[in-house]
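Turn these sequences into a full structure, and let the hints guide you.
Chains as they are written, first to last, in my numbering: chain A, 1 to 626; chain B, 1 to 299; chain C, 1 to 122; chain D, 1 to 501.
For the record, the hints were derived by calculation from the structure and aren't laboratory data.
It is possible that part of the hints are untrue.
Derived EDC-like pairs (lysine to aspartate or glutamate); straight-line CA-CA distance at most 20 Å [unchecked claim]:
#1 Lys153(A) / Asp358(D)
#2 Lys65(A) / Glu323(D)
#3 Lys65(A) / Asp473(D)
#4 Lys101(D) / Glu119(C)
#5 Lys148(A) / Glu437(D)
#6 Lys153(A) / Glu439(D)
#7 Lys533(A) / Asp50(B)
#8 Lys148(A) / Asp358(D)
#9 Lys153(A) / Glu323(D)
#10 Lys25(A) / Asp96(A)
#11 Lys450(A) / Glu361(A)
Predicted model only: the values in this text are computed from it and were never measured.
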Amino acid sequence: MTSNMLPFIVIAPVLLGLLMLSMPKRLNWWIFFLLNIVLAGVIFTLKSKGAMSFTFQWTLFGTGKVVQKLGVTPLGWFFLAISSAATLLFSMFSLDFNDKKHSTAIAPLWLMLVGATNGIFLSQDWISFFISWELMSWTSLFIIGHGKTSSFKAGIYYYALSFFGTMAMMAGIWLLFHRTGSWEISSGVLKTAQDLSSHRGFALTVLSLFTVAFLAKSALFPFHMWPQMAHAEAPDDFSAYLSGIMIKYGVYGLLLFIVPVFALTPRGTIKSISGVPWPMYILAVMSALTSVIGTVMAIFTNDMKKLMAWSTVANVGYIGVGLATGTSLGYAAAMFHTVNHMMFKGGIFASLAAVKYRTGEREMHRLGGLAYVMPITFFTFLLGIIAAAGIPPLSGFNSKWMIFQALFEKKMVFVATALFFASTGAFLYLFRGLHTIFLGQLSPRFRNVKEAPPLMSLSMIVLMILMLAAGIFPGLVTGRFNDILVAAGLNPIKTTLYSMTGSTTSINSTLVASVFALAVGVVFFLFVIGGRKRRVKMMDNYTCGEDPLDWNVGPDRYHYGYDFYQPIKGLFSWMPLGVVEKGYNALGRFMERLGNLVTSISADGTRLGWSFVLGVILIIVIGVVK
Amino acid sequence: MNAYALLGIKLIGVSFGSMAVGLLFMGLGRKVTARIQRRMGPPFYQSFIDVIKCFTKTSITHNFVMDLGIIMALGGLIATAFFIPFANFSILGSSSVVIVLYLMSIGYLGMAMGVSASGNPNATIGISRALALMMGYEIPFVMVIMAMLITYNSSDLLTYAVAQSNGIGSWHIWKYPLGFIAVEIAFQAMVGEAPYDHMIAPAEIASGPMVELSGKYLGIGFLLHAVQLYVETGLIVNLFLGGASSWYVMLVKMFAVYFTTLSINAVMARYRIEQGIRHLWIWAGSFGLLQLIYTRIWG
Amino acid sequence: MNNPVFLFGIGAFALMMIGLYGVLTHKNIFRLILSLGLMETGVNLFIVAASYWDGVRAPILGKIFNVKTADSYADPLPQALVLTSIVIGLGVTALALALMIKYREGTGTLEMEDKREEEVEE
Amino acid sequence: MKYSIFLIVAPMAMAFLVPFLGHVMPALSKGLSFLTALAGTVLSVFLLITYKTPFTVIMGGWIPPFGINLHVDMLSLLFATVVYGAVTLGIAFQLSSVVVKKPYFYMLILLLLTSLNGMILTGDLFNLFVFMEIAGISSWALIASGNKTAGVRGALQYMVVASLASVAYLAAIAIIYSSTGTLNMAQISGGLREMNSAMAALAVLLILASLFTEMEIFPFNSWVGSAYRGAPSSISGLLSSAVALAGAYAMLRISYIVFGAGMGNIIRFGSFNITSILFWMGVVTVVTGEASAFTQKDAKRMLAWSSVGQMGMILMAIAIASEKSIYGAVFALITHSISKLLLFMIVGRLVSATGTSDWTRWKGIGRKNSILGIFFIIGALGVTGIPLFAGFWGKFTIIGSAFKSTGSSYLGVYIILAATVMEAVYFLRLAHALFEEPERKPGKVNTGIVFWTCTTLLALAVVIIGVFPAPLDRKIKKIPSELRGDNTSGYISTVYKAMGR
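Structure follows, in structure tokens:
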């Protein structure tokens, strides 16, 4: 394995993806799967070779000398590894998902996207980073759209915000280049850290430009509304990738550039709130806000994919808070939650895709009772939501716990309160998903629904095992963080295979899991020795044997699912939840008005002369005013 | 004997002990309520009889999710009970309050899953109310806990309990008076007593979650409530009432907490669900917030 | 005031303004073309005026004018410019009139209006 | 290097030949016009390859200010090449179209070619005016050449605005000539500074107004939508890729050589700060152009307004006037020409396949013609300036130079960056619509070997320049130093040398 492998894992998927554009759909999915195996294999052997890099130099007059460098940093490798593993699982899932009936033509684009992802995580210079970033943006746009008018609205919304971020990043990259004279990311970090004391305005401008790009990609406030459209409208199997991996690019960016800058800045250089530099405190508040908004919106959503999209937003908020604390604990927590979110949200979206695959429904209240016919899907979803809610034996708890420890360390109790609110709200919407899709009445329409096909089931089972493993043995994941933390200029954290040490206490997740198992054992014993049980059809009990169908009430109406939390809706009416979205829409409308105004000045034949005169006046005004 | 096996046996003891304590409280509670309402009430051991009777009956199930959920529910709560220090002693050596808060949730989740798998809309409505109410009481509760947490820089319940062991003057009631009020209000909702008994609401939704449970399922349901009482009263005692130096003091304090709750329950009517949450947010929430602000800035 | 440059200048400016007024106030294509023609005439006059100065003669060699030295010639270039410009103006006007006729054939009107839904060819 | 005159003369001669020949053998005349353009392309490429230093050709032995000089440097040669290439492909495209044009059409194209090359090569202000007028006349006629009224309307609108512009330009020439006594650009250079500053400002104002019209800068671009829409697509493509290019060239040349004495010396006349005029007009143009394109349901209007947006950005780059910004502007102009021509070709065929230029009714047409759709995406990404596609390097450099320059306002740059978001949105919106589920059965797109050759060449150019910009870079990077005034190889000194001073 030489360093030539680095460009290979970036370029090969892109080229193969281009080639695949002219191949049949089903074959493409196989190629996609097989290449992902190769890529994952290559990526997992990279680590053992230690630091390696591939450099490519060229010169343009416009850009000066450019040293493009792909290299493996601890952070990059970590993201690369988890993303390639997850991609492998999702591609296995997609193999069965895209059968003859459901097949979409997105495999080539997806493969290009995988190449772009690898590029982002390997880039050591801004040019490569930017190129990969843009490649990722537009390929994902077409995947989200996948030829549906309704989906495309979501896609273009996503792309507009993302492109806005990209443009901000372009500005940031140039400002940084003019300051450092180099395209290298690491020298940019060092220089910006120095500038925070000497040229504060400049450094903050650069930082905020990059932050805009990363926030837009990670759907943090004020860019939090695109996932509910994009995740919901994307192809079902792609939603898992979108939520599991794509939303983490921004997190990666923040960990790559923003957090190290503040880590390298000596204490006291910049005013701090609660022990956190104020820009980072603002980031923390924005992230907390994101998770509160995401939670509240999720509670009142009827579309299952939208619900989970809002849940993704909420979880990214957690990650943002974690890394905004800027401590090693917070940094590690952010990474840990990234991994966990990848697993549990991957699992959840995979199970939703399986449900959609079998039933074709997306509105939750039309479903119900699918647990009884799709047990593997149900268990994936169940473990997913347990992890998402942060309940102990599963992985989500460990990372949430670490995030809270990071907050307690800095005594950021108000941010923590917001997160607790989001965390409690998570139970509401997660249970709602569980109940409305999988529990309650099984509609007769779905009585003959089968379990998901084998490869889909297999990848869901693997995801379940991963979630459990990371939950019971957190050290499997946290053990990898110390290299990354040291590389970012932070102290290592204390962790073993079984336990983690936070600021206020340490926990032993394995112990928690085992006492839980013990308690369940006790109850199971009670359950077994209790009287015998009889299996009765649902209708035979609470409708007293009457069939509601006789009164023209179908079981799907008897299934309490629609507008689940209607009684408490009024409680949230005071929150200005849609205000940002309304702002964007107003901006869009303003632009349309402006466009109409301009075209009406100019396209109306009678105003030709006037436009000329107006132009002359405009020149005079600008010339004289400036 | 192997240390792990010994610990296991102890934990099994704790699990049955917590059930027993909870059932005893329930029995006494029924007596107390009856006396407030000028009735005789059942004997204090009635709950034990009920549970045993339930376990001997034939029960109805609809599907495997129901079994799973109900087992998970009680298992989760018992696991939580392991983490509650009893008489200033924590059997697992540590009892992080964050774990307690989150582990308790698995009990709720299991319960919710089990009963909503029964397919009865009443049960689901009950669950949806319970979860909604959770948003009401969890936030004030957490805020108060965080106030303690930043004072002691520890999230161990045992630390809090030990810190209050110097007589009644060192109790957290005095140190965190606003917090105590907040938690008391939240506690009323936590155990689901009036005015926050939306989840059960016998007259509206036929006891909500319990509606479809029978036989041993109902028995486990009772046990669930029992362990919940144990955990939650234990939590309050450890947080505010100075823990305890001996097991009977602990029990007395725990019952005292429950007694207060019952007394309020006996004389209150039920809020509507959104009124209840609003009430919790406004009163418990503001007290908790004030406590947190006070502690963060001057504490 | 008697300076012909000044008078020419005034005249040129006036012509241009009249033309501009026509362009700004008329929808009729024919009037637009006429107005543009006026403006062009104005600017041609302006070029001639700008290059005139007193005491020089037309730059035509010959005995008729009894020109002795080259110094007293007027600058011949502006006249060339104006001639060129007049020719171009002629071309433009001719083409514009042709377009106008075609426009009239297509729409039946001489009013300049914008129609967005008209058919277009490849 | 003497051959450079053929770039102007050859198409002019052919333009006179074609209509006569057309009466006898129409096919031959059309082929001949194509061959002329092709030969010109070959010649200009040859000149480009053998190019060493800038040189000046004095026409007819008359030394300026009495005669006219042509100036050939990298900038003009490169642009001439692009114009020739674009026109060649445009003619080929038109020949492959189902709409058969008469030989006059090709005569007009050759005339357009002549005049654009004249604009690019000439070193004389009045000569520039003459060529601008010829370009105007031929393009109006070309726009109106369709048998639909839309073209005539567009041509008339263009004609009105352009006539105003030419009046303004002539008036400016009169002012400049009466004060400096010359119309040669190199000789005027710096001369404006010695004029009465009010007169100079007036001249500058009038020249800017006319050049802005040529370059489609807001609000002088009122004709753009109708003209681009009404014209046959080959002509719309040429308007965007050749005519606007020549306009931008004139802007570049005049603002650096005539207003100032070389690049970076643009000065203020009295209270008139030309740099900020160019800069802010550029910003305003980008915003309004992108906003207008954003609202269009008509694909050709959309592309037209998108050109406006690009021109705005290029104007901003011209205003910044640093070496990098000129490099970026030229790069962006060339890549814009390539991508826009590609887009107009595809759009033209889609219009004829569907009978409408309303892109919302084109849904699903790319599903059957997937390569066409992919080419559209390539063109769209090329214009938008996405990395790995041609437009990126120009845009990237312009933005970079804007942040480097002290004269530019960062606010303006941020505004431009934000406005380009709209550009990405409307292009990809249309690109995606091509692949959406069709509402009705899409028609057959008329393609053929000629069409595929043209589009493939252009699409490949977009991708290749995007991925390997180095060959183009080698040419363009010579331009900034040639535009400098203080340089021995600069424009002014070369012209003076040729005049023997």
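Run the distance test for Lys153(A) versus Asp358(D): straight-line Cα separation, threshold 20 Å. holds, 18 Å
Quickly compare the C-alpha distance for Lys25(A) and Asp96(A) to 20 Å and report which way the hint goes. Measuring from Cα to Cα gives roughly 13 Å; hence the hint holds.
With the threshold set at 20 Å, check whether the alpha-carbon distance from Lys450(A) to Glu361(A) stays at or below it. Measuring from Cα to Cα gives roughly 15 Å; hence the hint holds.
Taken at face value, is the distance from the CA of Asp358(D) to the CA of Lys148(A) at most 20 Å? holds, 19 Å
For the pair supplied as a hint, Lys153(A) and Glu439(D), is the alpha-carbon distance within the 20 Å limit? OK: Lys153(A) and Glu439(D) at ~17 Å, within 20 Å.
Take the C-alpha atoms of Lys101(D) and Glu119(C), compute the straight-line distance between them, and say whether it is at most 20 Å. This hinted pair holds, its Cα atoms lying about 18 Å apart.
Restraint check for Lys153(A) with Glu323(D), where alpha carbons must lie at most 20 Å apart: At roughly 41 Å apart (the allowed maximum being 20 Å), Glu323(D) and Lys153(A) break the hint.
Between the alpha carbons of Lys533(A) and Asp50(B), is the straight-line distance 20 Å or under? holds, 18 Å
Going straight from one Cα to the other, do Lys65(A) and Glu323(D) come out at no more than 20 Å? Satisfied, since the Cα-Cα distance of roughly 16 Å is no more than 20 Å.
Under the criterion that the straight-line Cα-Cα distance not exceed 20 Å, is the pair Lys148(A), Glu437(D) satisfied? With a Cα-Cα distance of about 6 Å, the restraint between Lys148(A) and Glu437(D) holds, given a limit of 20 Å.
Are the Cα positions of Lys65(A) and Asp473(D) separated by 20 Å at most? Given that 20 Å is the threshold and the Cα spacing comes to 13 Å, the pair holds.
Violated hint: 9 only; the structure is consistent with all others.
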